[in-house]
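A.B. asks: One line per chain: the protein sequences are A and B, in this order.
Here the first sequence is numbered in the working numbering, starting from 3 and rising by one per residue.
Here the second sequence is numbered in the working numbering, starting from 24 and rising by one per residue.
Everything labelled a hint here was simulated from the structure, so no lab data went into it.
Each residue gets a CB set at the ideal place from its N, CA and C atoms; glycine is no exception.
Among these hints, one or two may not hold up.
Pairs of lysine to aspartate or glutamate, EDC-like flavour, derived with a Cα cap of 16 Å [said to hold, decoys possible]: (1) B:234 x B:267; (2) A:314 x A:292; (3) A:308 x A:341; (4) A:314 x A:281; (5) A:316 x A:292; (6) B:449 x A:333; (7) B:83 x B:95; (8) A:345 x A:334; (9) B:77 x B:397; (10) A:451 x B:311; (11) B:234 x B:264; (12) A:451 x B:375; (13) B:198 x B:220; (14) A:451 x B:334; (15) B:449 x A:334.
Label pairs and their calculated CB-CB ranges [said to hold, decoys possible]: (16) B:280 x A:348: 48 to 58 Å; (17) B:210 x A:181: 38 to 48 Å; (18) A:182 x B:456: 51 to 61 Å; (19) B:212 x A:348: 52 to 62 Å; (20) B:456 x A:295: 34 to 44 Å; (21) B:456 x A:289: 22 to 32 Å; (22) B:119 x A:295: 48 to 58 Å; (23) B:444 x A:258: 47 to 57 Å; (24) B:67 x A:182: 51 to 61 Å; (25) A:289 x B:457: 28 to 38 Å.
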Amino acid sequence: MTVLQKLAAFTLLISICCICGQTVMAQQIGSPTTQQGVLPPRGVFAIRNARIVTVSAPDIENGTIVIRDGKIEAVGASVNVPAGAQIIEGRGLSVYPGMIDAGTNMGLVEVPQGASGTVDLSEVGEFNPNAKAITAVNPHSAHIAVTRVEGVTNTVTAPTGGLISGQAALINLLGTAPKEMAVVPQAALVINYPRIGGGGGGGFGAPQQPTNLSETLEANARQLEQLRKMLRDGEAYARAQDAYAKDKSLPRPDQNVVLAALVPYVRGQQPVIFRADREPEIRGAIRFAEEMKLKPIILGGNDAWKVASLLKEKNVPVILTGVFSLPVREDDAYDTLFENPAKLQQAGVLFAISTGDSGPEVRNLAQYAGMAAAYGLSKADAVKSVTLNPARIMNVGDRLGSIEVGKIANLVVTDGDLLEIRTRIRYLLIDGRSVVLSSRHTELNDAFKNRR
Amino acid sequence: MMKKLLILFVIVFVGSVAQAQRVTPPETLIRNATVITVTRGTLENTDVLLRNGKIAAVGKNLNASTNARVIDGAGKYVMPGIIDAHSHSMLDTINEGTLAVTSMVRTEDVLNPSDVDLYRGLAGGVTTLNLLHGSANPIGGLNTVVKIKYGRPALEFLFPGAMPGIKFALGENVKRSATPNQPGVTRRYPSTRMGVEETIRDAFVRARDYKRAWDEYRAAAGKDKNLVQPRRDLQLEPLVEILEGKRYVHAHCYIASEILMLINLADEFGFKIKTFQHVLEGYKVAKEIAAHGAGASIFADSWSYKIEAYDAIPYNAAIMTRAGVVVSMNSDSDERARRLNIEAAKAMHWGDLTEEQAMRLITINPAIQLGIQERVGSIEVGKDADVAIWNGHPFSVYSRVDTTFVDGVVYFDRQQDLARRADLAKERATLEQAEPNKPPARGQSPETPRRRRPTHDDTIEEEQP
Numbered sequence: 003m004t005v006l007q008k009l010a011a012f013t014l015l016i017s018i019c020c021i022c023g024q025t026v027m028a029q030q031i032g033s034p035t036t037q038q039g040v041l042p043p044r045g046v047f048a049i050r051n052a053r054i055v056t057v058s059a060p061d062i063e064n065g066t067i068v069i070r071d072g073k074i075e076a077v078g079a080s081v082n083v084p085a086g087a088q089i090i091e092g093r094g095l096s097v098y099p100g101m102i103d104a105g106t107n108m109g110l111v112e113v114p115q116g117a118s119g120t121v122d123l124s125e126v127g128e129f130n131p132n133a134k135a136i137t138a139v140n141p142h143s144a145h146i147a148v149t150r151v152e153g154v155t156n157t158v159t160a161p162t163g164g165l166i167s168g169q170a171a172l173i174n175l176l177g178t179a180p181k182e183m184a185v186v187p188q189a190a191l192v193i194n195y196p197r198i199g200g201g202g203g204g205g206f207g208a209p210q211q212p213t214n215l216s217e218t219l220e221a222n223a224r225q226l227e228q229l230r231k232m233l234r235d236g237e238a239y240a241r242a243q244d245a246y247a248k249d250k251s252l253p254r255p256d257q258n259v260v261l262a263a264l265v266p267y268v269r270g271q272q273p274v275i276f277r278a279d280r281e282p283e284i285r286g287a288i289r290f291a292e293e294m295k296l297k298p299i300i301l302g303g304n305d306a307w308k309v310a311s312l313l314k315e316k317n318v319p320v321i322l323t324g325v326f327s328l329p330v331r332e333d334d335a336y337d338t339l340f341e342n343p344a345k346l347q348q349a350g351v352l353f354a355i356s357t358g359d360s361g362p363e364v365r366n367l368a369q370y371a372g373m374a375a376a377y378g379l380s381k382a383d384a385v386k387s388v389t390l391n392p393a394r395i396m397n398v399g400d401r402l403g404s405i406e407v408g409k410i411a412n413l414v415v416t417d418g419d420l421l422e423i424r425t426r427i428r429y430l431l432i433d434g435r436s437v438v439l440s441s442r443h444t445e446l447n448d449a450f451k452n453r454r
Numbered sequence: 024m025m026k027k028l029l030i031l032f033v034i035v036f037v038g039s040v041a042q043a044q045r046v047t048p049p050e051t052l053i054r055n056a057t058v059i060t061v062t063r064g065t066l067e068n069t070d071v072l073l074r075n076g077k078i079a080a081v082g083k084n085l086n087a088s089t090n091a092r093v094i095d096g097a098g099k100y101v102m103p104g105i106i107d108a109h110s111h112s113m114l115d116t117i118n119e120g121t122l123a124v125t126s127m128v129r130t131e132d133v134l135n136p137s138d139v140d141l142y143r144g145l146a147g148g149v150t151t152l153n154l155l156h157g158s159a160n161p162i163g164g165l166n167t168v169v170k171i172k173y174g175r176p177a178l179e180f181l182f183p184g185a186m187p188g189i190k191f192a193l194g195e196n197v198k199r200s201a202t203p204n205q206p207g208v209t210r211r212y213p214s215t216r217m218g219v220e221e222t223i224r225d226a227f228v229r230a231r232d233y234k235r236a237w238d239e240y241r242a243a244a245g246k247d248k249n250l251v252q253p254r255r256d257l258q259l260e261p262l263v264e265i266l267e268g269k270r271y272v273h274a275h276c277y278i279a280s281e282i283l284m285l286i287n288l289a290d291e292f293g294f295k296i297k298t299f300q301h302v303l304e305g306y307k308v309a310k311e312i313a314a315h316g317a318g319a320s321i322f323a324d325s326w327s328y329k330i331e332a333y334d335a336i337p338y339n340a341a342i343m344t345r346a347g348v349v350v351s352m353n354s355d356s357d358e359r360a361r362r363l364n365i366e367a368a369k370a371m372h373w374g375d376l377t378e379e380q381a382m383r384l385i386t387i388n389p390a391i392q393l394g395i396q397e398r399v400g401s402i403e404v405g406k407d408a409d410v411a412i413w414n415g416h417p418f419s420v421y422s423r424v425d426t427t428f429v430d431g432v433v434y435f436d437r438q439q440d441l442a443r444r445a446d447l448a449k450e451r452a453t454l455e456q457a458e459p460n461k462p463p464a465r466g467q468s469p470e471t472p473r474r475r476r477p478t479h480d481d482t483i484e485e486e487q488p
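All chains should be built: construct the whole structure from the sequences, respecting the hints.
C.D. replies: See the structure below:
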């Protein structure tokens, strides 16, 4: 391009902007830095002329989405742009719901090795139902912006320690305080289902050194019994509190923060995430949840393909974190875990795909889903596995995970297929706020790319 | 005489048996594929002929012998076998975590050719690995470059003519930052990046003296029959080879200051760093790396797993490539090795490398870094027939490998793999029912075969000091 051509192009651009009046580059709205002390405002936005992948309904080849007060107000092929809306020109672009990674520790750890002061993953002791991820999640973690600029707008952030790790939070990856990020501050109880032989899930426990099989199984049964007792104590606590609430003449039961934290879960009002990867633990967790009348979700699920019919029968959803793991057994087929999602899909099991990562890898969620599509999952189901499916599993299917009227406006505007590696994110809206596409990484790139 | 004849017979007979057991490369013609040559562009509707273990021809309407296997490549992509410049696959042990200088140990001595992860790598289109020693020592052990000939004896894996190399390591691993202080136990030297420099400097000072002693001996040996040859030093011999340019240095590093330190030290002693490995802050000192002539072998986007990885950015490949550094994308993990195509494509997503530049990251560039660029790393006539056929563009997340060839021999084929599964499942079930494998009701746990090799992802396996 000659200077003259550039000038002409620039003039053309300016005049196009003038014609459209309200057209803006959405990236430029909001704070120019990654460390946000002030949230970008919830405006009225209209994304028009875009291909809209609603996920919940057929794609709209050329449509408009209107966003107001943080919510999707309208979506369709012939939706009017309201006066005063900031327009995001979507010609040649695609709009997807923001991706959700339902199996992370996002914001609970900055640097796992060599900076233990930045690690808030795991409490001391076996039973910490009152440890809440939302309390410790760091809104200013560099991981958050690094992740969202790749199209992941939400994570389930879970603690990891002990038998009952604590409570996971479902958060927007935007906010200046945990409260602003929270979609569901206490979204699920997290249990490391006792693993035969110890070890496994979420850094729980060093492998036991059993002397023989029967001792191993007895140790496992003891742990399970401890867990059972703990949850029954929670039930009893709830009954005592209820009874007292109805009849103040009864002796007042003591308050107990640990048991109180269990109440919504033992009553089946809220889901319980069981970390379980191998077949015996998955089957065990399903059995245990049924016995205790819990609402189980399996997290991990490397052997879920072996248990697919039971998962379907019992209606237990799975958050798969092992798509990129090496197969469990030496003689497993090379693509066992790449195919795991397709097999669950075929069996009719509700599942989500997750990175299972503490933070740095979460931005690559799209590739985990893409790999599943390379090995048998349809592309549409792969997108669903990182949008609507995790939303449904976490009981927010009515608020997140698809482009539907009334849902939270977490939207990603791309220049191509969401799961493809080369695709770029062009605009990002979280909670109806236009988010600058910068991060610690773009800033370091800008700082050094021209050093000659 | 009879005895001699017999010996001769035995040699000839045994020799021919061994010959017969070697895999003779069949002839294969891949027709009408999209051929990503890497060095000569991407060719549509093109045939590739593999003959005698080499790429015999690339072009349109090629002819093959009547007994050649013909593969319909319509809609498929052929690319060179992926070269992973940083692997610990098939190593039974990785770290000699005791001394600070362990140049006397060799990865070649601990190869396990039956490591199943090798097969899984083949299924990701990988054909060549640079097997590096661990990162517990400022000067570590010697590396081994192999072709993945899964199912063949370890000796057949060795890449003929690959440049000998050695692992160096800087930073947190050699400082043993992750090892807590124990009362009464002296920490191993070095404990700081200052000490790391000093350790390497000291070794090269000794190596220089050692080389001088040998040079003087060799110069004088002809004249003075009574001269005693210097005592061999297995630790210093590889360092002399480095000084003589006969051995490549692959240096694990992270932060800018330690990268500059090693460049300065190498310049001072007159040798070259062939590759900086990981080199997460390479983008901060790209021009210095380029000026030294070193390559960089990196992760696409790993970061924040430890302090020295906190400033890592996924634009590293692009910034260093533009500064003139030969960059490769490695795995350092048997898991990641299976998807190096995705890792390379990330350099297009972050940093705008062209498709060809990104493709070079896992093919010709690592070949250059290992001194095997005349043999592999691109699809050119005369090069080794190390290629993979993909069912879509290798940079698409939706693509997977159909067939992988090494020296013209199929070492992975998805259809064959699928066809075998039912039989293998049956075999497994039979074995599980066999008496010795039945779990006892009580008593000892059934013996589960342990992995022979520790998993390894940059961190070092600590041994008690």
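A.B. asks: With reference to the structure, classify each hint as holding or not holding.
C.D. replies: Hints, one by one, checked against the model:
Between residue 234 (chain B) and residue 267 (chain B) the alpha-carbon distance is near 9 Å, which keeps this suggested pair within the 16 Å criterion. With a C-alpha separation of about 14 Å, the suggested pairing of residue 314 (chain A) with residue 292 (chain A) holds against the 16 Å cut-off. At most 16 Å may separate the alpha-carbon atoms for a hinted pair to count; residue 308 (chain A) and residue 341 (chain A) meet this at roughly 12 Å. Restraint check for residue 314 (chain A) and residue 281 (chain A): the C-alpha separation of about 15 Å stays at or below 16 Å, so the hint holds.
At most 16 Å may separate the alpha-carbon atoms for a hinted pair to count; residue 316 (chain A) and residue 292 (chain A) meet this at roughly 9 Å. Taking the CA atoms of residue 449 (chain B) and residue 333 (chain A), the gap is about 12 Å. The hint holds against a cut of 16 Å. Simply put, residue 83 (chain B) and residue 95 (chain B) have alpha-carbon atoms about 13 Å apart, close enough for the 16 Å limit, and the pair holds. Of the pairs offered as hints, the one joining residue 345 (chain A) and residue 334 (chain A) holds, with about 15 Å between alpha carbons and a cut-off of 16 Å not exceeded.
Among the hinted pairs, residue 77 (chain B) with residue 397 (chain B) is consistent with the structure: their alpha-carbon atoms are about 12 Å apart, no more than 16 Å. The straight-line distance between the Cα atoms of residue 451 (chain A) and residue 311 (chain B) is roughly 14 Å, inside the 16 Å bound, and the hint therefore holds. With a CA separation close to 9 Å, the supplied pair residue 234 (chain B) and residue 264 (chain B) stays within the 16 Å bound. Taking the CA atoms of residue 451 (chain A) and residue 375 (chain B), the gap is about 12 Å. The hint holds against a cut of 16 Å.
Annotation: proposed proximity of residue 198 (chain B) to residue 220 (chain B) holds, straight-line Cα distance about 11 Å (limit 16 Å). Of the pairs offered as hints, the one joining residue 451 (chain A) and residue 334 (chain B) holds, with about 14 Å between alpha carbons and a cut-off of 16 Å not exceeded. With a CA separation close to 13 Å, the supplied pair residue 449 (chain B) and residue 334 (chain A) stays within the 16 Å bound. Judged by the Cβ atoms, the range 48 to 58 Å given for residue 280 (chain B) and residue 348 (chain A) holds: they are separated by roughly 53 Å.
Between residue 210 (chain B) and residue 181 (chain A) the CB atoms are about 45 Å apart, so this pair conforms to the stated range of 38 to 48 Å. In this structure the hint that residue 182 (chain A) and residue 456 (chain B) lie 51 to 61 Å apart at CB holds, the actual value being about 59 Å. Separation of residue 212 (chain B) from residue 348 (chain A) is about 58 Å and conforms to the stated range, judged on CB atoms against 52 to 62 Å. For the pair residue 456 (chain B) and residue 295 (chain A), the supplied restraint of 34 to 44 Å holds, since their beta-carbon distance comes to about 38 Å.
Restraint check, residue 456 (chain B) to residue 289 (chain A): a C-beta distance of roughly 26 Å satisfies the suggested window 22 to 32 Å. Our hint of 48 to 58 Å for residue 119 (chain B) and residue 295 (chain A) holds, since their Cβ atoms are close to 55 Å apart. Checked against the given bound of 47 to 57 Å, the beta carbons of residue 444 (chain B) and residue 258 (chain A), roughly 53 Å apart, stay inside it. Distance hint for residue 67 (chain B) and residue 182 (chain A): a CB-CB separation of about 52 Å, consistent with the stated range 51 to 61 Å.
At roughly 29 Å, the beta-carbon separation of residue 289 (chain A) and residue 457 (chain B) lies within the given 28 to 38 Å, and the hint holds.
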